[in-house]
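Enquirer: Residue numbers 1 to 446, in our numbering, belong to the letters of the sequence shown in order.
In short, the hints are calculated from the structure, not lab data.
Please note that a few of the clues may not be correct.
What the hints assert, rightly or not - Cut-off 30 Å, straight-line C-alpha distance, at most; resulting in silico cross-link-like pairs (DSSO-like, lysine-lysine): (1) 306 - 190; (2) 190 - 58; (3) 190 - 363; (4) 190 - 202.
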Amino acid sequence: MWAPLLRLQEALGPEAELVVVGGAVRDELLGRPHSDWDLATRLMPRAVMDRARAAGLKAIPTGLQHGTVTVILEERPIEITTFRSDGDYLDGRHPESVRLGVSLEEDLSRRDFTINAMALPVGGGDLVDPFGGRADLAARTLRAVGDPLLRFAEDGLRTLRACRFAAQLGFEVEAATLAAIPERLAVARKVAAERVLTELTKLLCGAEPQRGLDLLAETGLLDLWLPELRPMLGCGQNRHHRWDVWRHALEVVRRVPADPGLRWAALLHDAGKPAARTLGPDGEVRFHGHEAGSLLLVTAILERLKAARALRDDVLALVRHHGTHPTAEWSEAACRRFLRRLAEDGLEVARWGAFRLADQQAKGMDGEAREHGHAAIMARLEAVAAAAPPLTVRALALDGAALMALTGRPGGPWLGELQRDLLEAVIEDPGLNTPETLASLVRQRP
C-alpha cells in the first residue's frame, strides 16, 4: 500500500507533511494485518482536493467541517484530515468545534491512547511519537494520552475502546487509565447502542476476549451495557463444571472461532442459569429450564443493542440448541429429526458442532473423554447429513400443487398439516419419499 501513498504524497507536494496516523501506525509497528489507512496533513481541505484532482485523482469532500477529504486510490477510499485540535465535548461523543491548521503534535494530543497517537511520514522519516506510544507497545501497555479522566470525559466510547484494545492486543491497561473508567460511566452511558454493539463485537472477536470481558466486569461497564450478565459472576455450578457460570462462558468465548455469532452465543448461552439455579435434596446444583431463560435474555440484550436481525437469529439458534446432547443410543430417525430442527433454524451441523465442542471443553472436567464423545457424535451426524435425507417440506417428492391436485382440494391450513405429517413419515423412513409412496400415504388418510 505504500506505493500508492507515495503517489499521493507526490500529488500533494512535500509541504503537505503527509503522515499515516492512528491504528495503521500501531499495527504496522506490531506487524499486524490491517486495511485502514488514515492520513493527516498540514494542508487545508480545499488544497487537498485541488491538488489531488489536478493529479487526476478523485477527491470527495466527505467532512470538510472536520477537515476531512476522501481520495480514491486504486479504487480504495483513503481519508485525509487536516491537522486539527478539538473544541469542547458537550455530548460525551463529539467536539462542538474543531480548529484546523495546528501542529502535528497538537493533532496527536487529542487522540485516545498513546499507541494510537503516533505518525509515520509517508515520504520517509522518523516515527513521530510525542507521548511514548512505541514504548507502550513494547511494554504491551494501554495508556491514555495525557489525563485519562479528561480523555474519557470527552468521549464515552473511549472507556469501551480501552477494554476492546486490551482484548484485541492482549495488553494490560495502565493503572491510572483503568482507574479513570469507573469515574466516567455517566459519559459512557451517552454512547449510542449501535456503537456499543460494534465495540463489544470487536472485543468478543479479539485474540484474548476474556481479558476484555473481565475488564468490563471490573470497571462497571458490564453493568452499564450488559447488566443481565452480572449474576453470572460467582454463580457456582455442579460437579460437571470446574468454573462458575461467568468463567465458563469466558472459556467458551475463548475457544469458539472468532465469529460474531459464535462469540455472542458463547457469552450469552448460559445467561439464564443464575435465575434457574436450584439445590436438590442430594445437594446437587441444577439449572432446569435455563435454556428458555437464556433465550429471553439474548433477545432482550441484542434488541437493546440494536443488533441486525441476522446476528440475532444466529445467536438465538445457537443458544436454542446448545443444550441438546445426542447420544450413541439415538436412532437414525432421531438424528434426522435433530438435523431438521437445526435446518429450520438455518444452522449447519458443523457450526453447531463447533459451538458444542467449545462448550464441552469449557466445562474443564474430563476433557479427553468429552472430546472423544463429541467426535463420535459429530461423525454420526455428519454421516446422516451426507446421505441428504429430506429435512424440509420442500424436499418432499410431492409439492403443494401436486398434493392439491391429488386430493382435489384448494389450498388451506390442511395442506401444511398434511405436508408436516408426510415429512415426519419420510424422516422416519427416507425410502418413503417417492411420488407413488407419498400418494399412497395420502390416500390412506381418513
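Enquirer: Against each hint, give a clear statement of whether it holds in the structure.
Expert: Going through the hints against the structure:
no. : hint      : in the structure
1   : 306 - 190 : 15 Å, holds
2   : 190 - 58  : 36 Å, violated
3   : 190 - 363 : 37 Å, violated
4   : 190 - 202 : 20 Å, holds
When each numbered hint is compared with the structure, violations occur for hints 2, 3.
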